[in-house]
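Just so it is clear: in the sequence shown, position 389 is 392 by this note's numbering, and no numbers are missing.
Since the hints were derived computationally from the structure, they do not count as laboratory data.
Treat the hints with caution; some may be incorrect.
As the list claims (entries may be wrong) - Using 25 Å as the maximum straight-line C-alpha spacing, the simulated DMTMM-like pairs for lysine to aspartate or glutamate come out as follows:
no.: 1; residue 1: K531; residue 2: D466
no.: 2; residue 1: K469; residue 2: E533
no.: 3; residue 1: K204; residue 2: E43
no.: 4; residue 1: K348; residue 2: E161
no.: 5; residue 1: K348; residue 2: E34
no.: 6; residue 1: K77; residue 2: E528
no.: 7; residue 1: K413; residue 2: D464
no.: 8; residue 1: K532; residue 2: D439
no.: 9; residue 1: K184; residue 2: D171
no.: 10; residue 1: K173; residue 2: E161
no.: 11; residue 1: K531; residue 2: E552
no.: 12; residue 1: K191; residue 2: E181
no.: 13; residue 1: K77; residue 2: E115
no.: 14; residue 1: K354; residue 2: E604
no.: 15; residue 1: K77; residue 2: D39
no.: 16; residue 1: K191; residue 2: E218
no.: 17; residue 1: K336; residue 2: E303
no.: 18; residue 1: K469; residue 2: E552
no.: 19; residue 1: K77; residue 2: E486
no.: 20; residue 1: K173; residue 2: E251
no.: 21; residue 1: K413; residue 2: E237
no.: 22; residue 1: K531; residue 2: E604
no.: 23; residue 1: K191; residue 2: E237
no.: 24; residue 1: K469; residue 2: E504
no.: 25; residue 1: K413; residue 2: D540
no.: 26; residue 1: K354; residue 2: E34
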Amino acid sequence: MSSFTPKILIDAVFFQYNRSGIARVWYSLLEEWARDGFAEQLLVLDRQNTAPRIPGIAYRQISTHSYAAPDADKAMLQQVCDEEGADLFVSSYYTTPLGTPSVFMAYDMIPEVMNWNTSELAIWVEKHAGIRHASSFIAISRNTANDLCRFFPVIRPEQVSVARCGVDFKASPLDQVESFKAQHGIEKPYFLLVGSRGAYKNAQLFFQAFAALGEQRGQYAIVCTGPWAVLEPEFSVHVGEASVHMIEVDDASLQRAYSGAIALVYPSMYEGFGMPITEAMACGCPVITCPTGSIPEVAEDAVLYVDATDVVAMANALYQVQGPVMRSLLVAKGLQRAAAFSWRKMAAEVKAALLQASQSSAEQAASIVAHRTIHRQPGANMLSEIIPAEIINDDFYRVLNSLASREDLKNFLEIGSSSGAGSTHAFVSALRNRVDAQNTRLYCMELSTERFTALRNAYLDCDFVKVYNQSSASLDEFPSEQEVAFFYANTRTTLNAYPLEQVLSWLRQDIAYMRSAGLTQNGIELIKKENGILDFDMVLIDGSEFTGEAELYHCMGARVIALDDVNSHKCFNAYRMLTNHVSYALTHQNMELRNGFAVFERRF
Numbered sequence: 004m005s006s007f008t009p010k011i012l013i014d015a016v017f018f019q020y021n022r023s024g025i026a027r028v029w030y031s032l033l034e035e036w037a038r039d040g041f042a043e044q045l046l047v048l049d050r051q052n053t054a055p056r057i058p059g060i061a062y063r064q065i066s067t068h069s070y071a072a073p074d075a076d077k078a079m080l081q082q083v084c085d086e087e088g089a090d091l092f093v094s095s096y097y098t099t100p101l102g103t104p105s106v107f108m109a110y111d112m113i114p115e116v117m118n119w120n121t122s123e124l125a126i127w128v129e130k131h132a133g134i135r136h137a138s139s140f141i142a143i144s145r146n147t148a149n150d151l152c153r154f155f156p157v158i159r160p161e162q163v164s165v166a167r168c169g170v171d172f173k174a175s176p177l178d179q180v181e182s183f184k185a186q187h188g189i190e191k192p193y194f195l196l197v198g199s200r201g202a203y204k205n206a207q208l209f210f211q212a213f214a215a216l217g218e219q220r221g222q223y224a225i226v227c228t229g230p231w232a233v234l235e236p237e238f239s240v241h242v243g244e245a246s247v248h249m250i251e252v253d254d255a256s257l258q259r260a261y262s263g264a265i266a267l268v269y270p271s272m273y274e275g276f277g278m279p280i281t282e283a284m285a286c287g288c289p290v291i292t293c294p295t296g297s298i299p300e301v302a303e304d305a306v307l308y309v310d311a312t313d314v315v316a317m318a319n320a321l322y323q324v325q326g327p328v329m330r331s332l333l334v335a336k337g338l339q340r341a342a343a344f345s346w347r348k349m350a351a352e353v354k355a356a357l358l359q360a361s362q363s364s365a366e367q368a369a370s371i372v373a374h375r376t377i378h379r380q381p382g383a384n385m386l387s388e389i390i391p392a393e394i395i396n397d398d399f400y401r402v403l404n405s406l407a408s409r410e411d412l413k414n415f416l417e418i419g420s421s422s423g424a425g426s427t428h429a430f431v432s433a434l435r436n437r438v439d440a441q442n443t444r445l446y447c448m449e450l451s452t453e454r455f456t457a458l459r460n461a462y463l464d465c466d467f468v469k470v471y472n473q474s475s476a477s478l479d480e481f482p483s484e485q486e487v488a489f490f491y492a493n494t495r496t497t498l499n500a501y502p503l504e505q506v507l508s509w510l511r512q513d514i515a516y517m518r519s520a521g522l523t524q525n526g527i528e529l530i531k532k533e534n535g536i537l538d539f540d541m542v543l544i545d546g547s548e549f550t551g552e553a554e555l556y557h558c559m560g561a562r563v564i565a566l567d568d569v570n571s572h573k574c575f576n577a578y579r580m581l582t583n584h585v586s587y588a589l590t591h592q593n594m595e596l597r598n599g600f601a602v603f604e605r606r607f
C-alpha cells in the first residue's frame, strides 16, 4: 500500500437511537483505534452529543438524524465531507452522503431473510440506499457477507471484508454472582434470556418447552434482560410456578447474570453474528441455541443445538444442560471458542478494510480520469470529437472476439461503435476469419456524425458490416435530469467521481446533439424493421451514459447481451435486471476492468 493517508469520517448516528450491540461494536472499535493511533485519521460525527466520549478521538457536532428527511441528511453529510476533505465515509447505521465514497457495515440481513417489506419502512429504504451507494462492504460474519451478496447480486464477494465481533466479558466471581441474585430476588436456579423475545428471536420455543416441564417448573426461575417491566402474555401463560425476573442490566450485571445462569437460551431463527452467545461463552455460561444464520459459524461445537421449531428437543436440552458432564464440556468448549474473538482483532480487520477501500477509491478516481476523455473546454460538445478506443486487447476485447467467432451467432448489434477502433475491431477481426462471414451481419450504431464517418470509412471493405448514424434511444427515452440526480445521490458508482452538475451537462449535450442532428428516433427499432430482425443473436450495449436501460428494453430477447460500464449509470440498472432475470445467466464478468463489464446468455 502506498503512503496515501486518507481522512475517514464515521457517522456515530446509531448512538442517537440505541445503546445495544451495534453501539458496543463501535465503542469498542473506537477505543482500540484510540490506542493504536488509527484515530488520527478519523473524525467522528456526533449527532447532538449522543456519541460516547473516548480520549484520543476527534469529534464534530452535526444535526440529529431523522428518517423523515433523508435527502436533507444526505446533503448535510456531503457538505461536512467536503468541508473536512473526507476520502471515505462509514456510518454506524444506514446514512450516506451524496458522493463521497462509503463503506457499508453489514450487521445482518434480517429484513431480507425474513421477507419484511423493505420498500416502505424508512429505515430499510435507507439501508438499501446505503448498500447501493457503497463501494465496498464489511460484514460481521461470513454468513452475513454471503447473504448480502445473495440479496444484492451486483456486489462481488471480493468487495466484502469479514470482521467478526469481539468479546471482552469474563466470568464473575461467585460473591458478585450471589450479590446480583440477592439484589434481584433470584432464589432458584435460572434460565437466562437476553434481549428481545418476539418475532425471529423465537422465544416462544423456549416457553413452550418450559411448559413441558410440568410441575417441575416451580423449581426454576426465568431471568429476562432488557427494558421490559412485564413478561408478554403469550409467554407468561407457560411459566407455571416458576418465578420470573425482568431485569434491566449494564455490562457488569449482565456478566454476573451469565455467570450465574443454568444456561443462556437463545433460540433465534437468524443472527447476523449473535453477540449474546459469545458473551455467555466468555462468562462460562452454557448456551442452548439453534443452528441458524451465523450461529454455527460463531459457536461451532461449543453449544447445544436444537431445531428452531422442535419443542421436544428444546425441553430435552433444558434437562441435558444441567448434567454435570455436559455442563463441564460446554463451559470448557465455550471458554475456548470465546477466546477466538477480540475487539483488537476486529479493529485491526476493520481498519485494514477501510484503508483498502480508501486506496481503491483513490485509484479508481485516478483511473476514471485517465480513461474518460471528458476534459474539454467549457461549451465544447464531446460528441463532435474522435476519441481513443478503450476496448483494446483486454479481457472484454477477448470475450467479444470469442463470441463473434461462434457459429451459432449470426447477426450482431454494436451500440456505441465510436470510430470503430475498439470493440468493433474485436467483432470484425473474428468475423473476417469465419468461413460463413458472408452470412453474418454486424450492425454498428453511432450517434456522432464525425465518429460515424470514421467508422464507415474504416470498414468499407467489409460487406458484413452495416453502419448506422442513429441514436440507440429516442429522445423521450432519455432520463430526466431529476432521475439522473436521484440515481447519482442514491447509487454509488464511478459516476460519483464527477460533480453532479458536470454529469447533468453531459445529459444536456447528448440531447442537444440529437436535436441539432435530427436523430431523435430509436435507431434499434429502425435496424430491426429495415433488416427483418425480431431478435439479434448478440448485442453489445455501450452507448450513451444515459441510455443503457432503454437499450436493453429494445434488445431483450437476444441470445447474448454484453454490457459495458456496469458500474456507472450507463448499464448499472441493465446489469441488475439481467442478473435477476429468469431467462438469462451470467457467463462473463470483470468488475475490475475500467467500469466493469458483464455478459449474459439466454438460458432457453
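Starting from K413, check that the Cα of D464 is at most 25 Å away, please. With Cα atoms ~19 Å apart, K413 and D464 stay inside 25 Å; holds.
Taking only the CA atoms, is the gap from K336 to E303 under or equal to 25 Å? holds, 9 Å
When you check the alpha-carbon spacing of K77 and E486, does it fall within 25 Å? holds, 17 Å
Compare the distance between the alpha carbons of K348 and E34 with 25 Å, and conclude whether the hinted pair is satisfied. holds, 13 Å
For the pair we were handed, K77 and E528, check the Cα-Cα distance against 25 Å. Not OK: K77 and E528 at ~40 Å, beyond 25 Å, violated.
Is it true that the CA of K191 sits at most 25 Å from the CA of E237? Within the cut-off at roughly 23 Å; holds.
Is the hinted pair K469 and E504 satisfied, with a Cα-Cα distance of at most 25 Å? violated, 36 Å
Under the criterion that the straight-line Cα-Cα distance not exceed 25 Å, is the pair K204, E43 satisfied? violated, 39 Å
Does E251 lie within 25 Å of K173 when you go C-alpha to C-alpha? holds, 19 Å
Quick one, are K531 and E604 close enough, alpha carbons at most 25 Å? Cα-Cα ~20 Å, so holds.
Holds or violated: K354 with E604, Cα cutoff 25 Å? violated, 40 Å
Is the Cα-Cα distance between K531 and E552 25 Å or less? Holds - the C-alpha atoms of E552 and K531 are around 18 Å apart, at most 25 Å.
Consistency with the previously given hints fails for numbers 3, 6, 10, 14, 15, 21, 24, ordered from lowest to highest.
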